[in-house]
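Fit the two chains together into the complex; they arrive one by one in their own frames, and the hints show the way.
Chains as they are written, first to last, in our numbering: chain H, 1 to 141; chain V, 1 to 279.
The hints are simulated quantities; they were obtained by calculation from the structure and are not laboratory data. Note that the structure is predicted; figures quoted are calculated from it, not measured. Don't take every hint at face value.
What the hints assert, rightly or not - With a Cα cut of at most 30 Å, we get these calculated DSS-like pairs of lysine-lysine:
{"hint": "1", "chain 1": "V", "residue 1": "Lys25", "chain 2": "H", "residue 2": "Lys138"}
{"hint": "2", "chain 1": "H", "residue 1": "Lys71", "chain 2": "H", "residue 2": "Lys138"}
{"hint": "3", "chain 1": "V", "residue 1": "Lys25", "chain 2": "H", "residue 2": "Lys122"}
{"hint": "4", "chain 1": "H", "residue 1": "Lys108", "chain 2": "H", "residue 2": "Lys122"}
{"hint": "5", "chain 1": "H", "residue 1": "Lys71", "chain 2": "H", "residue 2": "Lys108"}
{"hint": "6", "chain 1": "V", "residue 1": "Lys25", "chain 2": "H", "residue 2": "Lys136"}
{"hint": "7", "chain 1": "H", "residue 1": "Lys136", "chain 2": "H", "residue 2": "Lys71"}
{"hint": "8", "chain 1": "H", "residue 1": "Lys122", "chain 2": "H", "residue 2": "Lys138"}
{"hint": "9", "chain 1": "H", "residue 1": "Lys138", "chain 2": "H", "residue 2": "Lys108"}
Unchecked claim - Here are some of the chain H residues that sit facing chain V, going by a computed Cβ distance under 10 Å:
{"hint": "10", "residue": "Asp38"}
{"hint": "11", "residue": "Ile44"}
{"hint": "12", "residue": "Met77"}
{"hint": "13", "residue": "Pro80"}
Where is the CB? At the ideal position from N, CA and C, for every residue including glycine.
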Amino acid sequence: MNWIARSRAKSPWLLHYDCGSCNGCDIEILACLTPLYDIERFGIVNMGNPKHADILLVTGPANHPNYRVLKNLYEQMPEPKVVVVVGSCGCTGGVFHNCPNILGGIDKVIPVDVYVPGCAAKPEAIIDGVVLALEKLKNGK
Amino acid sequence: MAIIFIAAIVVTPFIGGLLRGIDRKLTAHMQGRIGPPIQQPFYDIIKLFSKSQIITTRSPLLLVYGYLLFIVAAVVLFALKQDLLMLILVLGVADVLLVMGSFSTRSPYSQIGSNRELLQMFSYEPILILASIAIYMETGSFLISRIQQPLLPTLWPVYLALLIALIILMRKSPFDISASEHAHQEIVRGIFTEYSGLYLGLIELAHWYELVLVLAVISLLWTAGVWPGILLALFSWFIVLIIDNINARLTWSWMIRTSWVAGIGLSILNIIGLRLFGG
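With the rest of the complex left out, here is chain V (with noise of 0.2 Å):
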């Protein structure tokens, strides 16, 4: 018990810093450039760590700590295999720390990054509680422990919309609207304007541990053995990056029209179809 609690906290962050220092290499790639190292995050968090610190408002550094704690705790509550809707739960809370930040400097740019994340909140939350209700209607239980057999080929649909879910976690082109996290800046960094230093590094810490944590709820959906799960999710994050390079930004309310319709229309469907064949 101890050593999986101690293993989460310790090795997902090195998983998730990996993850999207291949993520730069391969956009790279795919743009016909040569990109950046694969450790190249690491380098940039070590640096932002040992930058002096510029404190604007007092508030968001307390909530910078709230948010990466809670993001943890739900990364400690996949890896005991406890509740799913609870763990979504947790990030939930996570996210409304990290906008109550931001809404708590007088940045109009931080003003309008928080708006917008709170419209991806409202978009990418629904689909996660649907996803972990039918699961719950595949197995029985909401506890991640009790999910034994292969999920993905009765919840095919639900799949899709996590792949909708997980464009926007991953703060990815189509839904890249809060952050302009690629250098898009027309709200400068938006929701990240107002901190620098130490606090935009625990921030970018707890975006590592949310990406895996997502990842790993996807690989839920096939849980035949360890490496199917592992293969679905990273075929997944594969996915999505091909679809942030060949797609332009759009403005908040086609996330909301596709997350809503594409994404909830997708989960209730096989939900109603779960329920009336039984699976």
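So here's chain H without its partners, still in its complex pose (with noise of 0.2 Å):
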């Protein structure tokens, strides 16, 4: 059990989804892959595939036109899995918070795990916020 606790919190796979959001978060979140940050040094890799996914990373607010698509991704991925919303438009709605076509944040639609707000949410601050998704994996939920 102990060694599935510490695998799962030492190989935590990506997928990055952008709801919707202006490309901000998104270009952090690739900063974090660069070799200044380089997140594959706790195991993280960005994998483009929900079936082999742990963790979502979602941007952007939620909205009618793309909801269903992130529960289709969400329910895709193999348990246990974990939701990490960045930015201050998942988080909330953000600026689009009253916009005819925005639900507000990713929690209207899929449960979330955790939230790193900001706009845009700084490199740190995602590492930060994965990471404290780990202890969460670590448990299997």
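What follows is the structure, encoded as structure tokens:
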């Protein structure tokens, strides 16, 4: 059991989904992969496939055109899984919160485990958020 | 006999996993990063085994076990120093099972990935078979146990051809077309897209066996004692890592052209040379 928990915490694979953000947060997420931050140190790999992923990293507000896609991606991920929301838009709707096409934060569609606020969130903050999510992942939720 | 049999099955994945870990560390250092710890592949595989199972189609599940089984059979054939040609054909069957598994799901990414995997097989299988024929012409037998003298001085063109096959089998950069192994993602994960959890873990395990097996076949080219062969295999492995890091990914037609013209060409020239000049 201990081995499994340790391995889960050491090998989180990411799925990054842009739910209609301004791309500011997405650029910051990609910055985490560069030699300066190098998140592969922690075994984190950007997978791009929900069936292989452990952590769903969402940017941007939940909106009518693509909330079904978001839900679908979440359901395709095998347990245990955690959701990390990056940026103010994802947390609450941000500057878009009153728009007619916006549902609000990501938590209106799928359960969210960690919120990383910021516009755009800094790479350090994103790494902090993911490490916080690992605690949940370790215990199999 | 029984000890060799068990050692081949138990020890091989540890060597393969360790090589994959060192691979990721070296790649990270070549790119100016720190990289994951060396035991990272073992964390990955334990995590994959502990994930819940999501099953879309049932038939690939059986075929994944077949894939693993046939590769382990090939490893055992090598450890018992059996027929080299037989070993290569068993390896071919294993890859066909993997392709069949991915063809039986309806995901377009999986389908494109399996098509490309078939092209990869068309590229490396002839090289492996011609290499074993060249070894046969040199030693007079397909049996691995009959290889006594260092073959590299006369078979160096075959060695160069085997390097091309090694790049394809390790799914490294110029020819990493079927699986998008390193998060290139234009076909998501290609042939592995539809596998998750336990079954992805089994494929990864089979990949470790396969890596060690192909390196072992390369080490046959220099069998004066144990160490020269191992050093030759590790040297080739390191060359592949460097090639991976300085190359872009090419299209499938480039892969076929390179492997058929350079790979098969070098092997056939070597065989003709052996025939004409008697090695």
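* Under the criterion that the straight-line Cα-Cα distance not exceed 30 Å, is the pair Lys71 (chain H), Lys138 (chain H) satisfied? -> Roughly 23 Å between the alpha carbons, so the hint for Lys71 (chain H) and Lys138 (chain H) holds.
* Asked: Do the alpha carbons of Lys25 (chain V) and Lys136 (chain H) lie within 30 Å of each other, as the hint requires?
  -> Within the cut-off at roughly 27 Å; holds.
* **Hinted contact Met77 (chain H) with chain V - closest CB pair below 10 Å** => Status holds, d = 8 Å.
* Holds or violated: Lys138 (chain H) to Lys108 (chain H), with C-alpha atoms at most 30 Å apart -> 25 Å, holds
* Does the alpha-carbon distance linking Lys122 (chain H) and Lys138 (chain H) stay inside the 30 Å limit? -> Since the Cα atoms of Lys122 (chain H) and Lys138 (chain H) sit roughly 25 Å apart, the hinted pair holds (cutoff 30 Å).
* Asked: Taken at face value, is the distance from the CA of Lys138 (chain H) to the CA of Lys25 (chain V) at most 30 Å?
  -> Since the Cα atoms of Lys25 (chain V) and Lys138 (chain H) sit roughly 24 Å apart, the hinted pair holds (cutoff 30 Å).
* Asked: Does the interface hint hold: is Asp38 (chain H) within less than 10 Å of chain V, judged Cβ to Cβ?
  -> 4 Å, holds
* Given hint Pro80 (chain H) near chain V, where the shortest CB pair must fall under 10 Å -> 7 Å, holds
* Asked: Taking the least C-beta to C-beta distance, is Ile44 (chain H) closer than 10 Å to chain V?
  -> Holds - the Cβ of Ile44 (chain H) comes within 10 Å of chain V, reaching about 9 Å at its closest.
* Asked: Holds or violated: Lys136 (chain H) with Lys71 (chain H), Cα cutoff 30 Å?
  -> Roughly 20 Å separates the two Cα atoms, so the pair holds.
* Going straight from one Cα to the other, do Lys108 (chain H) and Lys122 (chain H) come out at no more than 30 Å? -> Within the cut-off at roughly 24 Å; holds.
* Quickly compare the C-alpha distance for Lys71 (chain H) and Lys108 (chain H) to 30 Å and report which way the hint goes. => Given that 30 Å is the threshold and the Cα spacing comes to 11 Å, the pair holds.
When the structure is compared with the earlier hints, no violation turns up for any of them.
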